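Trainee: Take a look at the letters that make up each chain.
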Amino acid sequence: MSGEAPLLPARAEPLTLVDPASDVPRRSASSGTRARFWSLGSTGLKIVGLAIFAFLLFGPLANLALWSVAERWYTPFKLPVSYGMRYWEVVFRPTGDAMASLATSISIACLTVLVALTVSVPAGYALARLRLPWRTALMILFLLPQAFPSVAIYINVARVFYSLGLTGTITGVVLVHAAHGLVYSVWIAAAAFAAIDRDLELAARNIGASPLRTFFTVTLPLAAPGIMASAIFVFLESLDEFTGTFFVGVPQVTTLPLLLYNASMGGNYQIASITALILLVPSVLFMIVIERFLKADVLSKVGQ
Amino acid sequence: MARPSFFGLLLIAPAWAMIGGLFLYPLGFSLIAAFTEPGGGLSLMHFQKAYELYSTDILFTIFIVIVSTLLTGLFAIVIAGILTLSETPWLVTALRNLYRWPLFIPFIVAAQCMRTFLAKNGLMNNSFVALGLMEPLQTTSLLDWRGIIITFVWKQVPFVTLMLAGAMASVDRATIEAGRNLGASRLRVLIELVLPQVAQTLLVGLVLSFVTMLSVLSVPMMVAGSQPTMLTVDMAFRINSYGDYATANALGVISYVIAGTVAWIYLRHNIKREVQA
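The listed protein sequences correspond, in order, to chains A and B. The working numbering numbers the first residue of the first sequence as 1 and each following residue consecutively. The working numbering numbers the first residue of the second sequence as 1 and each following residue consecutively.
Honestly, the hints are just simulated from the structure, not real lab data. Computed from a predicted structure; not experimentally measured. Be careful, since some hints might not be right.
When the alpha-carbon atoms are kept at most 20 Å apart in a straight line, the in silico EDC-like pairs for lysine to aspartate or glutamate are as follows [stated by the list, open to error]: (1) K49(B) - E274(B); (2) K120(B) - E135(B); (3) K49(B) - E37(B); (4) K46(A) - E87(B); (5) K120(B) - E87(B); (6) K78(A) - E135(B).
Model the full structure from these sequences, guided by the hints.
Mentor: Below, the structure written as structure tokens:
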């Protein structure tokens with residue numbers, strides 16, 4: 001910085017006083033300085049901008065992490081008064097509510113994946129390979145539960161389920177989650193089947209494999225990574241689902257999001273934050289591995 | 001054209017039945033409940049009641065969702081624009097690795113984060129005070145409509161940016177280079193060359209965000225407790241406190257109308273585009 005300072009006055013020098021011979025090099029020198037000055041300024045600006053962006057992005061998450069290890073934290077103090085893992089012990093105590101909720105959440109998510117895949121693998125295959133009337137309309141139909149204000153739907157699902165004795169049961173919650181996740185499983189399964197080279201299936205048929213055998217030994221294994229990706233989507237969607245469980249699952253089914261909600265509304269920020277962190281783990285893991293499962297050739301066919 | 005495959009219909013039937021039973025049937029149920037009076041005839045009385053009780057909340061909801069959508073679009077354009085047009089490699093790398101983080105974070109976790117972060121003595125105000133940007137007495141809680149908007153934007157920007165950056169990456173680089181060579185600034189290239197080519201993707205992302213934000217229950221419940229609040233909270237309240245399905249469903253139909261208006265704008269834009277093409 002200090003090395004550049006003496007050059008600066010050159011810029012202020014009136015051009016008319018400079019003799020033409022020395023004008024060219026001197027002007028380029030001054031514009032070089034100016035460029036360096038600008039690039040330094042813009043680099044500084046970029047760093048500051050990036051820092052603000054990072055603060056706004058990670059600040060809320062940092063606050064969550066702080067609350068999870070804060071044993072005491074009250075108003076005049078900017079940081080927790082005392083730290084400790086006491087609440088982690090409370091959460092991870094085998095007999096605690098949180099462990100029970102975690103078990104409920106994971107079993108619901110697994111069952112949801114099972115239900116969603118059972119109906120969407122055949123549907124995806126049909127949409128990708130067979131001739132269907134109003135194919136586009138059928139595809140959009142699966143999007144509707146996602147692209148619709150869902151609260152109004154769930155209160156009526158809860159009402160219907162009540163008359164069937166399904167409110168407050170795992171079955172009821174699984175059905176709601178599966179319908180909600182169906183758009184991912186059907187669309188991605190259809191894209192995965194559409195991305196498979198048809199010649200491979202024809203080759204298997206040519207050497208005498210039955211259609212069913214071709215499907216299970218050639219088509220399905222080739223589509224497996226895409227179907228796996230859709231399973232992860234459905235699993236996460238179910239794990240994070242709040243609204244449907246709130247209306248259909250109460251009071252018997254308490255999943256992690258409901259536990260988080262109850263703890264937070266009850267003012268127990270430590271339990272709420274730890275629950276939130278547990279919910280974050282699969283989400284972040286998924287963000288990191290998604291590209292491994294969803295290949296570009298499948299991704300380009302999603303929704304078509 | 002061959003005739004439709006019966007086998008295909010058979011394969012898709014279970015999935016279709018699921019949507020029918022768990023979405024279309026309850027949807028019909030909600031429409032019927034909203035438009036029938038206790039005696040059984042058609043009436044708009046539930047809408048009248050919903051309007052009398054919740055007209056402020058209807059406007060509040062529309063305001064929040066529109067402002068959040070516009071801000072989401074603005075931030076997504078800025079980030080995707082930098083990712084596409086910036087000539088500073090380290091900035092692009094850093095931004096690319098940063099912006100995606102909230103993408104898969106559940107709304108309820110985002111709500112809990114913001115509930116602590118934006119509070120009067122939350123980490124945000126504390127950081128500002130520690131940096132000397134603010135006096136401790138000046139700090140205010142942002143846990144009202146501003147908190148809801150901040151949470152929505154925080155959560156939805158990565159999603160729209162991901163779609164938009166993908167679309168921008170497939171824009172022909174030659175047009176961008178040509179614009180730059182002719183002396184257009186990067187801002188001008190972004191607004192006049194790149195954006196028109198990716199407008200379709202941006203619109204899809206924003207419409208999906210709009211409807212998502214309209215349906216979220218956890219954020220308005222956890223981030224802003226008091227009145228006025230969003231329609232989703234009102235619906236839950238009508239059900240849980242009064243078992244009043246009629247008014248709740250009338251509010252539900254109002255939220256369908258809001259979502260439907262946006263979908264209609266999107267479709268109209270699409271048709272206009274196809275006519276032009």
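Trainee: Against each hint, give a clear statement of whether it holds in the structure.
Mentor: Evaluated hints:
| no. | hint | in the structure |
| --- | --- | --- |
| 1 | K49(B) - E274(B) | violated, 42 Å |
| 2 | K120(B) - E135(B) | holds, 12 Å |
| 3 | K49(B) - E37(B) | holds, 12 Å |
| 4 | K46(A) - E87(B) | holds, 12 Å |
| 5 | K120(B) - E87(B) | violated, 40 Å |
| 6 | K78(A) - E135(B) | holds, 13 Å |
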